[in-house]
Amino acid sequence: MGEFSIFHWLVVLAIILIFFGGRRIPEVMKGLGEGIRSFKEGVSGAEKAQAPSTAVAAPSGLTAKSGSGQVALNWGAVAGVTTYNVKRSGTSGGPYARIASTSATSYADEGLAGGTTFYYVVSSTAASTESGNSVEVSATAA
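Mind the numbering: the sequence shown is residues 1 to 142 in the numbering used here, read in order.
Just so you know, the hints here were simulated from the structure itself, not pulled from any lab data. Check the hints yourself; a few may be wrong.
Below, a list of computed lysine to any residue pairs in the SDA-like style, where the Cα atoms sit at most 20 Å apart [as the list claims (entries may be wrong)]:
#1 K65 / V135
#2 K87 / E130
#3 K87 / A108
#4 K87 / L62
#5 K30 / K65
#6 K65 / L112
#7 K30 / G61
#8 K65 / A55
#9 K87 / G69
#10 K87 / I99
#11 K87 / E110
#12 K87 / N133
#13 K30 / F19
#14 K87 / T105
#15 K87 / T129
#16 K87 / A113
#17 K65 / G90
#18 K30 / A58
#19 K65 / R98
#20 K87 / V137
#21 K65 / G93
#22 K65 / A113
#23 K87 / I18
#24 K65 / T102
#25 K30 / I15
#26 K87 / A72
Here are the simulated distance ranges between beta carbons [said to hold, decoys possible]:
#27 G93 / T129: 39 to 49 Å
#28 S44 / T117: 19 to 29 Å
#29 P26 / V135: 51 to 61 Å
Please read all numbers here as calculations on a predicted model, not as lab measurements. C-beta: ideal position from N, C-alpha, C; glycine also.
Let the sequences and hints guide you as you build the complete structure.
See the structure below:
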């Protein structure tokens, strides 16, 4: 018990021939080989070669204008971009937290405490690829 005899292997072969037919066996074996190869690559940590993704440009010309309890941000449009991620920090150089995603080239950050300085950057997103951050700007809410 637990071992296959030649009779068992012949039964398995007959079932395969019945289900797949003689002409489909090479296709099945090719698929099995590709599956095993893919599994080995995944286990060994090898990565499949992927086509290089096109880089997305970061927005330029970011400006910040202070207002009463708000900061108005504006930047230049980037060709092919679907959304812009607006990020804010209380410290120059970050870390930045995303506060909004917009398809417009402007954003008003409202409800801010007066007399507090905020630092902003904007990144572009196209086809699920995000650019680096724009140049940082700062503004002090009035």
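Below or equal to 20 Å on CA atoms is what counts here, so check K87 against V137.
holds, 11 Å
Decide if the proposed pair is consistent with the structure: K87 and A72, CA atoms, cutoff 20 Å inclusive.
Between K87 and A72 the Cα gap is close to 13 Å, so the pair holds against 20 Å.
Would you mind confirming whether the straight-line C-alpha gap from K87 to N133 stays at or under 20 Å?
OK: K87 and N133 at ~9 Å, within 20 Å.
Tell me if the straight-line CA distance from K65 to A113 falls inside 20 Å.
Given that 20 Å is the threshold and the Cα spacing comes to 15 Å, the pair holds.
For the pair supplied as a hint, K30 and G61, confirm whether the alpha-carbon distance does not exceed 20 Å.
violated, 55 Å
Assuming the hint says 39 to 49 Å, is it satisfied by the Cβ distance from G93 to T129 or not?
Hint violated: Cβ distance 24 Å, outside 39 to 49 Å.
Pair hint K65 and L112, alpha-carbon separation not exceeding 20 Å
Given pair K65, L112 holds - Cα atoms ~13 Å apart, limit 20 Å.
Between K30 and I15, is the straight-line Cα distance small enough, at 20 Å or below?
The given pair, whose Cα atoms are some 19 Å apart, holds under the 20 Å limit.
Measure nothing beyond the straight line between the CA atoms of K87 and A113; if it is 20 Å or shorter, mark the hint as holding.
holds, 17 Å
Would you check the hint for K87 and E130, treating anything up to 20 Å between C-alpha atoms as holding?
Cα-Cα ~13 Å, so holds.
Take a quick look at whether K87 and T129 sit within 20 Å of each other, Cα to Cα.
holds, 17 Å
For the pair we were handed, K87 and L62, check the Cα-Cα distance against 20 Å.
Since the Cα atoms of K87 and L62 sit roughly 12 Å apart, the hinted pair holds (cutoff 20 Å).
In the structure shown, a violation is registered for the earlier hints numbered 5, 7, 8, 18, 23, 27, 28, in ascending order.
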